[in-house]
Every structure is written in C-alpha cells, then in structure tokens.
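Each chain, letter by letter, is given below.
Protein chains: 2
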Amino acid sequence: MNCEYCYKLEEYNFGDLLFESSYWIVFLAPNQSNLGTCVIALKRKARYLSEVNQKEWSDFIKIVNKLENSLKTAFKATMFNWGTLMNTFYLEDTPDPHMHWHFIPRYDHEVKFEGEIFEDPFFGYMRPRPPKKISKTIRVKIIEKLRDNL
Amino acid sequence: MNCEYCYKLEEYNFGDLLFESSYWIVFLAPNQSNLGTCVIALKRKARYLSEVNQKEWSDFIKIVNKLENSLKTAFKATMFNWGTLMNTFYLEDTPDPHMHWHFIPRYDHEVKFEGEIFEDPFFGYMRPRPPKKISKTIRVKIIEKLRDNL
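Here the protein sequences line up with chains A and B, keeping their order.
So in numbering that gives the first Met the number 0, spot 92 of the first sequence is number 91, and the numbers just go up one at a time.
So in numbering that gives the first Met the number 0, spot 149 of the second sequence is number 148, and the numbers just go up one at a time.
What the hints contain is simulated information worked out from the structure, not anything from laboratory work.
Because the structure is a prediction, the values reported are computed rather than measured.
Heads up, some of the hints might be wrong.
One copy or any two copies: either way a pair holds, since identical chains are not told apart in the list.
Using 25 Å as the maximum straight-line C-alpha spacing, the simulated DSS-like pairs for lysine-lysine come out as follows [said to hold, decoys possible]:
| hint | residue 1 | residue 2 |
| --- | --- | --- |
| 1 | K44 | K140 |
| 2 | K144 | K111 |
| 3 | K75 | K54 |
| 4 | K44 | K65 |
| 5 | K132 | K71 |
| 6 | K131 | K144 |
| 7 | K54 | K65 |
| 8 | K44 | K131 |
| 9 | K131 | K75 |
| 10 | K140 | K65 |
| 11 | K111 | K132 |
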C-alpha cells in the first residue's frame, strides 16, 4: 500500500490488493463464492456517492471498464452486479462509513479454475452466499489471472 | 415521454416519471417501502455498465448529486444504496436486459408524510421488503415533493 489512507483501509477487511489507480484501490474480495468478486474503495474518506468528485468518477469509470473486460476474458463472466450500499457502517461498533463499491461477476455456467469449481447457483437473483473456502494459493492464482487480463 | 425509447421502457414497469435528463430517465419506483426509492434508466439499449459512454456517465453523475440532495432536503434521508444488478433480465420470459440503476434512500428515523408513516426497519441491512400500499395521491405528492427539491 502506497498511501497513508490505503494503510488505514486494512481495518476494513476489503480483501487482497488487486491493483491501485490514482483515486481508488481494487481488492479481490474475501468472499470468492462468485469468482472474481471485488471491492473498489476510494482513497479518501467519503460517505455519500455525491461526494465523489469529477476526477474520482473518471478514474472509477476506467476501473469499471477494466474489471468487466478482465472478467469476461479471464472467466467468461456472463454479466455483473455493481453496488455501493454502505449499510453495515451504520450498525453499532463498526468503523466510519467509507465509500466503496461491490463488483460481483455473475455466471450462467460453472467455471473450473486451478482444480476448483466455481458456481453461481442463484444466477438471475441476488442472494448472499457464505464465503467459499479456497486456499491462499488459489486466491493468488485468481489475482494473477485477473491482472494478466487487466 | 419524449423519445421512442422512453415509450418502449413502459413495458419494464420502472415506475412513474420523476424527471428526464439528456441520457437517462428517473422514475419513482413502484415500491415505496423505502420512501423516495427511484429507478434510473438509460435512454438506449445497453447491457453492461462498461457500455455507458462518457456523456452518459457525466449526465448520470449529475443525477446522483441531484437525487441525494433532494432526498436529504425533502425527507432527511440518512444515507443511500445505489446498485445496478440486472439480474432478473436473465431469468426466463423477461424483457431484454436494460441498463438501469436502483436508488434506495435509507432512514435511521421514521418519516411522516401526508398522513402516511414510512419506516426503514432494516436500516443497516439489505433486505428486500414487499411493496408498501400507498394511494396514487400519495405517490403524486411524493413526486411533487422531490421535484420541488431537485
């Protein structure tokens, strides 16, 4: 992590660093039940989407394009869910709200990768799934595969 | 509705027209269980967020700012969920995927408006709620209130 703020972000448990842009950091999310799920966090404190400035938006739009293309090429993802919800920050004993996006690739097919099978049994629906147990090695391989296609 | 495409959008049941910009149409969503919930639909066919072009993004960003400010002023909304999921289009017997956003204001308090009480019992969480039964008159009043604050 290069900046002071990125360091601070570690307490949020957004996942493993995939890449960084000028204004955002992209993490491979802890839960890979949907292969390639990422979190995209702003590199400064913001609580509302309407606080994101012009430069940050332009930078974010490039990330949208990069991630969708990367996932289509790497794993033939069918489509994508994008959302910035920010809900959990408003529960008790949680860190300050921090602007971030969820990127969830969706699949109408199963993907075999490095000996693991990744499925999307609720394709067409939004239903949270428990984290898929995968080894650290597989996580690193997913990161490498996505980076190769960025 | 001014354009051919807007007319076509009627089959999607996105709600009642709130306002239109150059590239998007903003609807008051059918389900007002969270007061001020809107759908923002692109005025041309697109399936992926990465298909949205620069002009459309700039226009969308203005809508983000307008809606968040409007809801803060009109109903003192606490925070907001934004998402483009597109899931249901991939089920059987559904219309073609059509790029649209969901905007869901969230409240840490109840709002009394025109004799109706609007609550957000799952504040801090994402849990779909059944549509709140409100009269057409109340829907029109909500639209007027938001338009007054745009």
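How the hints compare with the structure:
| no. | hint | in the structure |
| --- | --- | --- |
| 1 | K44 - K140 | neither (31 Å within a copy, 35 Å between copies) |
| 2 | K144 - K111 | within (13 Å within a copy, 52 Å between copies) |
| 3 | K75 - K54 | neither (30 Å within a copy, 28 Å between copies) |
| 4 | K44 - K65 | both (24 Å within a copy, 21 Å between copies) |
| 5 | K132 - K71 | within (23 Å within a copy, 41 Å between copies) |
| 6 | K131 - K144 | within (18 Å within a copy, 45 Å between copies) |
| 7 | K54 - K65 | both (17 Å within a copy, 18 Å between copies) |
| 8 | K44 - K131 | neither (30 Å within a copy, 35 Å between copies) |
| 9 | K131 - K75 | within (20 Å within a copy, 39 Å between copies) |
| 10 | K140 - K65 | within (18 Å within a copy, 42 Å between copies) |
| 11 | K111 - K132 | within (15 Å within a copy, 46 Å between copies) |
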